[in-house]
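Visitor: We have chain H already, so just place chain R on it with the hints.
These protein sequences, in sequence, are chains H and R. Position 105 of the first sequence, counted from 1, bears residue number 105 in the numbering used here, the numbering being contiguous throughout. Position 223 of the second sequence, counted from 1, bears residue number 223 in the numbering used here, the numbering being contiguous throughout.
Among the clues, some could well be false.
For chains that are exact copies, the list does not tell them apart, and a pair is met inside one copy or across any two.
As the list claims (entries may be wrong) - Here are the simulated DSSO-like cross-link-like pairs (lysine-lysine), alpha carbons at most 27 Å apart as the crow flies: (1) K230 - K328; (2) K303 - K328; (3) K303 - K148; (4) K230 - K35; (5) K83 - K328; (6) K230 - K289; (7) K244 - K35; (8) K83 - K148; (9) K83 - K202.
What the hints contain is simulated information worked out from the structure, not anything from laboratory work.
Protein chains: 2
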Amino acid sequence: MKASILAVAVTLSLAGAAWAATVRNEPIQPLDAPKVTNPAKVELGKKLFFDPRLSRSGFISCNSCHNLSMGGSDNLKTSIGDKWQQGPINSPTVLNSSLSLAQFWDGRAASLQEQAGGPIANPAEMAYTHELAVETLRSIPGYVAEFKSVFGSASIDIERITDAIAAFEETLVTPHSPFDLWLQGDDKALTERELAGYTLFKASGCVACHYGPALGGTSFQKMGLLEQYKTGNPAIGRAAVTGKDEDRMSFKVPTLRNVELTYPYFHDGEAETLEEAVDVMGRLQLGRKYTEQETADIVAFLKTLTGDQPTFVMPLLPPSANDTPRPKPFE
Amino acid sequence: MKASILAVAVTLSLAGAAWAATVRNEPIQPLDAPKVTNPAKVELGKKLFFDPRLSRSGFISCNSCHNLSMGGSDNLKTSIGDKWQQGPINSPTVLNSSLSLAQFWDGRAASLQEQAGGPIANPAEMAYTHELAVETLRSIPGYVAEFKSVFGSASIDIERITDAIAAFEETLVTPHSPFDLWLQGDDKALTERELAGYTLFKASGCVACHYGPALGGTSFQKMGLLEQYKTGNPAIGRAAVTGKDEDRMSFKVPTLRNVELTYPYFHDGEAETLEEAVDVMGRLQLGRKYTEQETADIVAFLKTLTGDQPTFVMPLLPPSANDTPRPKPFE
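For reference, chain H alone in the conformation it holds in the complex:
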């Protein structure tokens, strides 16, 4: 019996090696399952990600606009902020965001940790302050104990808060999509139409920007390269960070991973369907008018990019204490 177990183990090990060797040589690489090195920090970050007490109203958490039940986005054109303020831009998915060269559409945050501090203190989003967020968490005994256990001391500051949130977000990777299986050598993972869509996606130049394991997130590109993009949205893109006129309307290329789930599309959320997004991209960025058939093929391919969504137990938040600052939704 021992011998047969050993035989199975050796076979599996060889199969694993053979599998790795068959990854196709393509401009897109399979996603690796996330490696969790500090599960306690991830667990704390998950709580914070879901905690609306990081907002002034006590109603908005990270998950409100990056909803992990809905592809890590809110599926709205632009988000809803404190007191129902209309957000300026489409909420990008948090899924696979650790693979991006920078965060936000204009890349103004260098890291997930830096990003996490933004919405908390943005008066149009969670409308809190870092000082009040820290004061709030310090007053909650359950958090104090958990910060102590994770960081080795009970002190809570905005760096630790955003560090934990980023640690959780780094686990939000979505491997094992049909396209990944195909990349890893499984010929049956894609239908003929899906494969035709991928072939066209490559041949017509989409892949010039949407490459790498996340199919995007690796460069800033002008929205409306060959033809001007008409929008009522005032965002000017990367120029807001660099101050350079040539960066106007240059945005971080969004990942196409799970794009089936992250509608509506573009920084202004104006494309409601994948068909519309593919059509606009073809015309404005590539000077090409796809036929209905071609668009349908590309859309079929794009839907193969939906991977395993993060599945986890909904966090239970430690209750406030009597001296915890109370939410102020209506003041």
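Guide: Showing chain R alone in chain H's frame:
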């Protein structure tokens, strides 16, 4: 080996019987763990409970105001509705709500299923209509398949929607609190202070309304029995349902299960702490001014009512299709 397994089984079975026999004869009974008879319906109901597409804005779900990370409530005085409208009343916890004689503070819904339809169509809450909710779900292939699998046919109507939500809510029972362990015979489950608090809770009359497995939810009682309750909140209570003047300010007695998590308290959410709530209840309902020590004892007892919170995997919602009605948060 078989014999020893049998022996263990017999021992466990006897232990179970002995355990049941030791339940103390008290006006409060232990909670039973929920029995799930139709897990597929519960799973569908969980998705619907978390789906903001049942609201006009696409932003508010059942879980927004009955947040299962926070004791099944929103921890706000009154809730936030569509376009940030200020709700009229404190959001009651959904935990153990299946044990109530009726739903809502004024008991205007006879069942959880009837309740579930209310907020969806309330212009100040989710601000949708039942017709649009049905149209939305019918357009989502993932839901159509799941309704078919759960109900035997693919038709979707508001009865099935609310039936599934209610099935999920019926699982949100929180057994195994320290007080339940004590009720079941474990003398060490409560500290001396907690037991003193319970003794006073009984002796001073709290238990006249807060009895049964949920410590409440079984009757309507006047808020401000011996002394008028002063509040700026316009809710008139049960009179809104019965039309009878004697039912003014009569509200469903809230459950005290998990009361540590469901702050702030009362129908107007005006009591921020348990100490304040106990003090007000003592004076207005019982004509008794508890000392600081007595209040602290009762609060210590109340905190033993926090049971096992529902733990479940965060649901993944099926994506909208191209013809799914789009949310209208800003129109």
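Visitor: Decide, hint by hint, whether the structure agrees.
Guide: Right, here's what the structure says about each hint:
1. Within a single copy, K230 and K328 get their C-alpha atoms only as close as 39 Å, which misses the 27 Å cut-off; across copies the closest is 22 Å, which meets it.
2. Taking identical chains as interchangeable, the C-alpha atoms of K303 and K328 lie at most 27 Å apart only when they sit on different chains, with a minimum of 25 Å there against 42 Å within one chain.
3. For the identical chains of this complex, K303 and K148 are inter-copy neighbours only, at 24 Å across copies versus 43 Å inside a copy, given an alpha-carbon limit of 27 Å.
4. When the C-alpha separation of K230 and K35 is checked against a cutoff of 27 Å, the pair qualifies neither within a copy, at 42 Å, nor between copies, at 56 Å.
5. For a Cα distance limit of 27 Å, the shortest separation of K83 from K328 qualifies both inside one copy, at 10 Å, and across copies, at 16 Å.
6. When the C-alpha separation of K230 and K289 is checked against a cutoff of 27 Å, the pair qualifies only within one copy, where the shortest distance is 17 Å, while the shortest distance between copies is 69 Å.
7. Taking CA atoms no more than 27 Å apart as the test, K244 paired with K35 passes in neither setting, with 38 Å inside one copy and 63 Å between copies.
8. Neither within a single protomer nor between protomers do K83 and K148 lie at most 27 Å apart by alpha-carbon distance, with minima of 34 Å and 39 Å respectively.
9. Within a single copy, K83 and K202 get their C-alpha atoms no closer than 44 Å, and across copies no closer than 44 Å, so neither meets the 27 Å cut-off.
When the structure is compared with the earlier hints, violations turn up for hints 4, 7, 8 and 9 and for no others.
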